[in-house]
Amino acid sequence: MTLLEVPVADTRLALDPPPARSRRGYRLLGYAALLVAAAAILVPFYWMLMSSLKSNNDVYTIPVQWLPDPVVWKNYVDIWQKSDLTTWLKNTLILSVAVTFLQVFTGSFAAYGFAKVRFPGRNVLFLAYIGTLAVPWQSYMIPQFILFSKLHLSDTLWSIIALQAFGAFGVFLMKQYYESIPDELLDAARIDGMSEYGIYRRIMLPLSVPALASLTLLTLVTTWNDYMGPLIYLRSRDLWTIQIGLKTFVNTYNAEYALIMTGSVLSVLPIAIIFLLGQRYFVEGIASTGLKG
Amino acid sequence: MTSLPLARRRRGRQVLRNTVVGWSFLLPNFVGFAVLTLVPVGLLFYYAFTSWNVFGGAEWTGLENFRQMLHDASFRTALRNTVYYTVFHIPLTLGAALALALLLNQRLRGVAFFRTVAFFPYITSIVALAQVWNMLFSPGYGPINAVLRGIGIDNPPGWTTSADWSMPAVIVVGTWREMGYYMLLFLAGLQTIPGQLYEAAKVDGANAWQRFRAVTLPGLRPTTFFVVVLLTIGSFKVFDVILVMTNGGPGQSTLVLSQYIYQKGFVENQFGYASAVSIALFAICFVITIVQFVINRRGTD
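In order, the protein sequences belong to chains A and B.
If you count the first sequence from 1, position 238 lands on 238 in this note's numbering, and the numbers rise without skipping.
If you count the second sequence from 1, position 173 lands on 1173 in this note's numbering, and the numbers rise without skipping.
I should point out that these hints are in silico values taken from the structure, not numbers from a laboratory.
Be aware that one or more of the hints could be misleading.
As the list claims (entries may be wrong) - If you only want the chain A side, here are some residues facing chain B, beta carbon under 7 Å, derived: (1) R24; (2) Y140; (3) V250; (4) T252; (5) I286.
None of the values given here were measured: they were computed from a predicted structure.
All C-beta atoms, glycine included, are put in the ideal place defined by N, C-alpha and C.
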């Protein structure tokens, strides 16, 4: 958040303080707007959480019941018995960790080559990377599927790893960051006889921890939330991820509103925790690239 | 004289060494990237000219797929719906994101917390969100229609169950989900506007609205351009929110291009035709981006 903390309004207030009454009016108006915006953003999450704690008959009532009465904690027990939640979470966790590790490692490694090693053809190659960021995945998912099928990747967890791990996004984000590290620092290390690999490992990696954290969290969340990839590639039930599992659960138990919300809460919870712990890395990662994976 | 070729040879060796080292850094990522992304993008332009289903191989049919597309009523519906979504989604999201950014750029208590809140929908999985919104939109008992009835609208819309209102419902969810993300870009853009400009405007007696028009908007121009480009591509490729909320229905009322590609390819196994539609989607995004860049350049000159 530090990046966005600098308020523009500071200096002009000192320069020409407006009459106290109208300033207070503006502030009240600001808080009112803030309240409305927060409500609009948060009500769906509130509804999700409250419905997950209701009995099924209480989810839809007239008038709308904004607090569960009675509170049905049992939903959070039942969902594990009615669905393969354990399998789904396990698969999703495996995929998220594998994809994130590969993306962070290969992305930062390649970014060093793009940012700090000068060689012919480098800029053209980087352009190809950036170019594909602008090509919608939806427009090449068909040939990609055919290719993956020929490589015997489809209906294995490898397909999702292959799909997500080598994206251009990680290279882009890390390159942006590496370019802010002065070349003089690396030249000094080169004169001391350190190899490029040594510089990457001993100087660049430690210096780029914030960027690595941004990339790690963004990749983790993207992989966890991915619905289309698993939908296309993972046909066997025992390979399903939380998103596919949840969607199938919704289709199977389409009148079990409370349980559906319970499952939704459980699928969002890990992301919410990660986000709250590392929110400043999310913000910085996006503010510095203007993109996400 | 002899030192010159020597120096050149040494330079040549240095370039070679750098090239080898540089490529060794790129390779782990590049191999995966080339095989899994670049090759499929290239293959797309071959498959689009073939007739192909899972049982046979690809058979060259020239422009046949594109001819078929011209007479395909479903394709036209998908294109029209995609434009419908885009035309509303871009200005709504742009406006909401800018308003949020201006609001959260004020010195108010709790602003940091609200920035976090506004961004949260964007990183929440669409499957869970679609379920919640479908329930909120539920025509008979959902809270949205309950509120609408409360303020005196006797026949509130049927939302996702009605062919006329399903698209607005999807647009609302798309805007709600993405505004926090674009807000972050606008907030970053607002920090680049120098405070002195506001001071100067104030000295000249400009009121808040005039300062916004004369200082904020021009200062945000590069950000706005970037946001519009991202929003345009994002709107034309809209997919998962529709797939999980309405699955294109009721009827074909929310069928969009991406979903049509999915349907033709993965449901009906017409890979050749689906590739041709993919090219149409790709071409639209490409042309619009180029046009936007040209307009932007002309505007800044």
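Comparing the hints with the structure gives:
1. Interface hint at R24(A): violated, since its Cβ lies 12 Å from the closest Cβ of chain B, which is beyond the 7 Å cut-off.
2. The criterion of a C-beta within 7 Å of any C-beta in chain B is met by Y140(A), whose closest approach is roughly 5 Å, and the hint holds.
3. For V250(A), the shortest C-beta to C-beta distance to chain B is roughly 6 Å, which falls under 7 Å, so the interface hint holds.
4. Violation of the interface hint for T252(A) is found here, the shortest Cβ-Cβ separation to chain B being roughly 13 Å, above the 7 Å cut-off.
5. Of the supplied interface hints, the one on I286(A) holds, with its beta-carbon coming within about 5 Å of a beta-carbon of chain B, less than 7 Å.
Consistency with the previously given hints fails for numbers 1 and 4, ordered from lowest to highest.
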